[in-house]
Amino acid sequence: MDEEYDVIVLGTGLKECILSGLLSVDGLKVLHMDRNDYYGGESTSLNLIQLWKRFRGDDKPPPHLGSSKDYNIDMNPKFIMANGMLVRVLIHTDVTKYLYFKAVDGSFVFNKGKVHKVPSNDMEALKSPLMGIFEKRRARKFFIYVQDYNESDPKTHDGMDLTRVTTKELIAKFGLDDNTVDFIGHALALHRDDRYLNEPALDTVKRMKLYAESLARFQGGSPYIYPLYGLGELPQAFARLSAVYGGTYMLNKPECKVEFDGEGKVLGVSSEGETAKCKKVVCDPSYLPNKVRKVGKVARAIAIMSHPIPNTNDSHSVQVILPQKQLGRKSDMYLFCCSYSHNVAPKGKFIAFVSTEAETDQPAIELKPGIDLLGPVDEIFFDMYDRFEPVNEPTLDNCFVSTSYDATTHFESTVLDVLNMYTLITGKVLDLSVDLSAAGAAEE
Amino acid sequence: MGCGYSLPDRDSRQLGRPNSENGGGQDAKNLRVKLVLLGDSGVGKSCIVLRFVRGQFDPTSKVTVGASFLSQTIALQDSTTVKFEIWDTAGQERYAALAPLYYRGAAVAVIVYDITSPESFSKAQYWVKELQKHGSPDIVMALVGNKADLHEKREVAVQDGMDYAEKNGMFFIETSAKTADNINELFEEIAKRLPRPVIT
Numbered sequence: 001m002d003e004e005y006d007v008i009v010l011g012t013g014l015k016e017c018i019l020s021g022l023l024s025v026d027g028l029k030v031l032h033m034d035r036n037d038y039y040g041g042e043s044t045s046l047n048l049i050q051l052w053k054r055f056r057g058d059d060k061p062p063p064h065l066g067s068s069k070d071y072n073i074d075m076n077p078k079f080i081m082a083n084g085m086l087v088r089v090l091i092h093t094d095v096t097k098y099l100y101f102k103a104v105d106g107s108f109v110f111n112k113g114k115v116h117k118v119p120s121n122d123m124e125a126l127k128s129p130l131m132g133i134f135e136k137r138r139a140r141k142f143f144i145y146v147q148d149y150n151e152s153d154p155k156t157h158d159g160m161d162l163t164r165v166t167t168k169e170l171i172a173k174f175g176l177d178d179n180t181v182d183f184i185g186h187a188l189a190l191h192r193d194d195r196y197l198n199e200p201a202l203d204t205v206k207r208m209k210l211y212a213e214s215l216a217r218f219q220g221g222s223p224y225i226y227p228l229y230g231l232g233e234l235p236q237a238f239a240r241l242s243a244v245y246g247g248t249y250m251l252n253k254p255e256c257k258v259e260f261d262g263e264g265k266v267l268g269v270s271s272e273g274e275t276a277k278c279k280k281v282v283c284d285p286s287y288l289p290n291k292v293r294k295v296g297k298v299a300r301a302i303a304i305m306s307h308p309i310p311n312t313n314d315s316h317s318v319q320v321i322l323p324q325k326q327l328g329r330k331s332d333m334y335l336f337c338c339s340y341s342h343n344v345a346p347k348g349k350f351i352a353f354v355s356t357e358a359e360t361d362q363p364a365i366e367l368k369p370g371i372d373l374l375g376p377v378d379e380i381f382f383d384m385y386d387r388f389e390p391v392n393e394p395t396l397d398n399c400f401v402s403t404s405y406d407a408t409t410h411f412e413s414t415v416l417d418v419l420n421m422y423t424l425i426t427g428k429v430l431d432l433s434v435d436l437s438a439a440g441a442a443e444e
Numbered sequence: 445m446g447c448g449y450s451l452p453d454r455d456s457r458q459l460g461r462p463n464s465e466n467g468g469g470q471d472a473k474n475l476r477v478k479l480v481l482l483g484d485s486g487v488g489k490s491c492i493v494l495r496f497v498r499g500q501f502d503p504t505s506k507v508t509v510g511a512s513f514l515s516q517t518i519a520l521q522d523s524t525t526v527k528f529e530i531w532d533t534a535g536q537e538r539y540a541a542l543a544p545l546y547y548r549g550a551a552v553a554v555i556v557y558d559i560t561s562p563e564s565f566s567k568a569q570y571w572v573k574e575l576q577k578h579g580s581p582d583i584v585m586a587l588v589g590n591k592a593d594l595h596e597k598r599e600v601a602v603q604d605g606m607d608y609a610e611k612n613g614m615f616f617i618e619t620s621a622k623t624a625d626n627i628n629e630l631f632e633e634i635a636k637r638l639p640r641p642v643i644t
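Residue numbers (this note's numbering), protein chains in the order written: chain V, 1 to 444; chain B, 445 to 644.
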């Protein structure tokens, strides 16, 4: 490794692997290392033995759960918005050829103690038990407004400038009640808290459109897709892209110490007595703990079950959003469930996650409203991890540190961070105006 | 890229290419299979593929860059065709950083060593173990002793290759990507050994 590189990437989490791939495609000389002997870092998927080692301190999962190899349990569970930014990156880089995706069966929301299907368009709004008869009609009008809204066509704006009008004002115009606003804001626009109400409505309208267009994409019961064999496949696929374009890969490298010159600029990275020189370092927060600060903490439960989440129409893959207001919390709680139908567990087994931005130090108590919706579980694990964001100035030290993965249920914020980092590193903006239908068109 | 191929269960739609899990092609007459190459750096994995797919040999090719997803279709005497989707290691084998993704759904693994390098032959055993860890149990495995044209520098006996292959349920062949010796034979033999899908 005693060579000189344009960029050394540390950690093989999804963000680092996407960046590594993009930079190699750009012709930069990339060395990519990880202290672990597996790909994915915090966005890996574990088999059963790895899961037991991590949470139970032994490598003896009970035999009745089946073969360890048949499990791919995400450490950072999220779904992929079918028309979202990650899909654009996948198509842009042609990494889809290394992966297989399937639609996610269902998208639900917790409201007044019950789990309901998320209505996403005017027709579904009319059928949804989430609203009374008059509210349905008001909601229907609002959905039609959003569906017809076209940023570049003022005729569809109904006289409102959504870059100025707040979401609250827009909703008031349609006379929707707080209960309706709650599921629209959290389960359709996927806001994590209620700040959006006082922000310009354009963002919320765009988010609702993304949801509806993604839902229409694969005619499934949700706007999401998910890779077969789990999310751990994603970093591996982008790592392969990087390698195909000349990136060098080294796993199981202890230390990976970033070396600096007298002015605090990156010199290179040393491991096992060797130093690789480089101009820039890209890494996750764990490789440069002195350049990040803690910004929060995620609490989560991981459950292995033998049934789908109750009241989700027998969905073999599903998301349930529990808006903060429904639970008297500051941030939403999420249920995520995948199963053997996405090859993440043996036949008949389901993997469910309950996660939220932690507000206490007791995940088992804090997550109870979500866990109560799961029904009986075969095994359950609790975990908390800190979230970090960089505090350094990359123009001074040439270090580009990613932000820890948040508790959101999809990848939009993940890809935003990657795109921002890409621009900081290269000075270029990635053009993601790809043909989304390219991925849906039949071959042959 | 891409297709609307859906798996047979539930309302699934796929974003990726058609699935070719373990030799399961479209029909009994036209198979499509994923083939992975394994073996140490420099044994000639890419050269074998380039010879097979493009009929070329480039002695200056050092490390695989750029094209690591080639395909080639061959027709067999029984009028079936087999389309190989060939995955090259893209250099990730160099520091043992080949991802489990690489083995996913592979119907064929070709493990290559260099007959002039005993070290590459013993490393073939490592790759067989990796395959047993990550690969499908019914994968078709071929052990290939490459650079057979360099017989004056031979350090791995033909018998050693044959014995090892037999013990591990693989078939064995020596090839030369340089002279094209046995290259087509290798892929034809693989095609013959592929399990045929059951016609329903």
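Treat the hints with care, as some may be off.
Below, a sample of chain B positions facing chain V; criterion: calculated Cβ distance under 10 Å [to be verified]:
{"no.": "1", "residue": "Gln516"}
{"no.": "2", "residue": "Ala519"}
{"no.": "3", "residue": "Trp531"}
{"no.": "4", "residue": "Tyr539"}
{"no.": "5", "residue": "Leu542"}
Simulated from the structure, these hints should not be mistaken for lab results.
A virtual CB, placed ideally from N, CA and C, is assigned to each residue, including glycine.
(request) Mind checking the CB of glutamine 516(B) against every CB in chain V and telling me if the closest is under 10 Å? (result) violated, 16 Å
(request) May I ask you to test the interface hint for tryptophan 531(B) with respect to chain V, counting a Cβ-Cβ separation under 10 Å as satisfied? (result) holds, 9 Å
(request) With a cut-off of 10 Å on the beta carbons, see whether alanine 519(B) makes it to chain V. (result) violated, 18 Å
(request) Under 10 Å, Cβ to Cβ, is where leucine 542(B) needs to be relative to chain V, so tell me if that hint holds or is violated. (result) Holds, about 9 Å.
(request) Closer than 10 Å between Cβ atoms is the bar; does tyrosine 539(B) clear it against chain V? Give me holds or violated. (result) Tyrosine 539(B) check passes; min Cβ-Cβ to chain V is 4 Å, inside 10 Å.
The structure shown violates the earlier hints numbered 1 and 2.
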